[in-house]
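Residue numbers (this note's numbering), protein chains in the order written: chain F, 1 to 247; chain D, 1001 to 1247.
Just so you know, these hints were derived from the structure itself, not from any lab. All the given hints hold, so there is nothing to weed out.
Here are the in silico distance ranges between beta carbons for each label pair:
| hint | chain 1 | residue 1 | chain 2 | residue 2 | range |
| --- | --- | --- | --- | --- | --- |
| 1 | F | TRP178 | D | ARG1063 | 18 to 26 Å |
| 2 | D | GLN1221 | F | SER40 | 30 to 38 Å |
| 3 | F | VAL66 | D | ARG1225 | 20 to 28 Å |
| 4 | F | ILE115 | D | ALA1153 | 46 to 54 Å |
Computed from a prediction, not measured in an experiment: that's the story for all the values here. No residue lacks a Cβ here, since even glycine has one placed at the ideal position from N, Cα and C.
2 protein chains.
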Amino acid sequence: MGPRWKGKGSKAKAAAEPMSEIILALQSSLTTSKCKGLISGCSVLLEADSEQSTILNRACFGRAMVTSQKEKQWYELGLEEAFYLCYSLKYLEIVDHDSNVKSDVELWDYMCSQIETFPEFYKGYSHLRMKNWVVRPGSQYGVDFVAYRHHPALVHSEYAVLVLSEKKGNSGQRLKLWSDLHCTLRLCGGVAKTLLVLHVQDQGSETGFPGCLKNSEIKEQTISRWLPEKTREQNSNLKNQGEASNT
Amino acid sequence: MGPRWKGKGSKAKAAAEPMSEIILALQSSLTTSKCKGLISGCSVLLEADSEQSTILNRACFGRAMVTSQKEKQWYELGLEEAFYLCYSLKYLEIVDHDSNVKSDVELWDYMCSQIETFPEFYKGYSHLRMKNWVVRPGSQYGVDFVAYRHHPALVHSEYAVLVLSEKKGNSGQRLKLWSDLHCTLRLCGGVAKTLLVLHVQDQGSETGFPGCLKNSEIKEQTISRWLPEKTREQNSNLKNQGEASNT
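Whenever a hint applies, use it, and build me the whole structure from the sequences.
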């Protein structure tokens, strides 16, 4: 299953503006303005002027919040997004309500205290973002993330992503039963996405930050249904290709 | 979400021939002919003449198998179906490959040895069948069963059924994570079914057959998404009703 572009010209538009360049433009914008994110529960708030607003939207970070302010726009970043901008890209500083700038370690500890599965989810999120995939929450489809080849305005999300970890706990508990796997695959098929499973494997014994990030490896696996009638013979293969989108 | 009848006249046709009467006709047909089911791995095979074939189809038991025989038709019954016909309805005797008629206890033990979750699944299956729902395998949708108000030729299945048990083991492991619940609900919404969860609760300490069947209770629960915009005010409720089928 390839990318499903939204309308004519979208593919060319995406090719003309690679996501890697948009991310660089975001860097220049955020670092110049010395933008600071504000921790607030399970999200990080960011005040942006209209230029930053535009570039945050293009790079697909955060969610614009509805406020009464007209000149300034507030963005709500998920914890993975905020930590990625702050730690992996170094574009952003994050402060608490007393305006103290948080160190990477402090942030990591805070985020792990908010979401038990933060370490695995962050590894999965940053793994895809570093390859210039646009990664957004997947709860609508009952998965951890969805991944887009470019901006969601140009293309439908291609992968439904589940992050599984060998560690005991919440992540790693999905897809253990056939019925769960069937359910997930049937849903992915229905919304024309491929199920991408990211297996997070810890290589070393280091559990502290940042060692735990360096010592882990991610194995990617896509899962799809095997259709016997599609794999029999060359001829029947060709004949059946037209029906592929109906299955 | 009400029943979705297939075409005009289906509803009237179903009303004219209640499933309870079809089941009675099946009884008369199977008991008169002294039909015997043959155990074969995870299914029970049934040889039927054309009259029995018709009534098995109407009552929606088993799956017709493709064979080279023209006058006789073989049916493959799932273990729950076979045990229901044999034990709950007393319409059928089941034999092994040496033509020995199996007692209820022998059958129960055999079926439990084939499928670990047979006790819970049977309780769920028989619970719905006794209320004259047509119950079929749900693996296509990643659930345990689907339930139809009448014959699948007349109506779409209304419920996607998961059987959850308090016992440790496979059943009871679904819907423990939010992502799994979201996935299941999204899929159910997409195929216009309501998620019906049957919680099998054992009341007594008896684990042997048939005590375990009598001492258990089933709590039914339907789960659906809560849409804030649909529950605000009378007016907006009415306004939104037309959109309900799109959500």
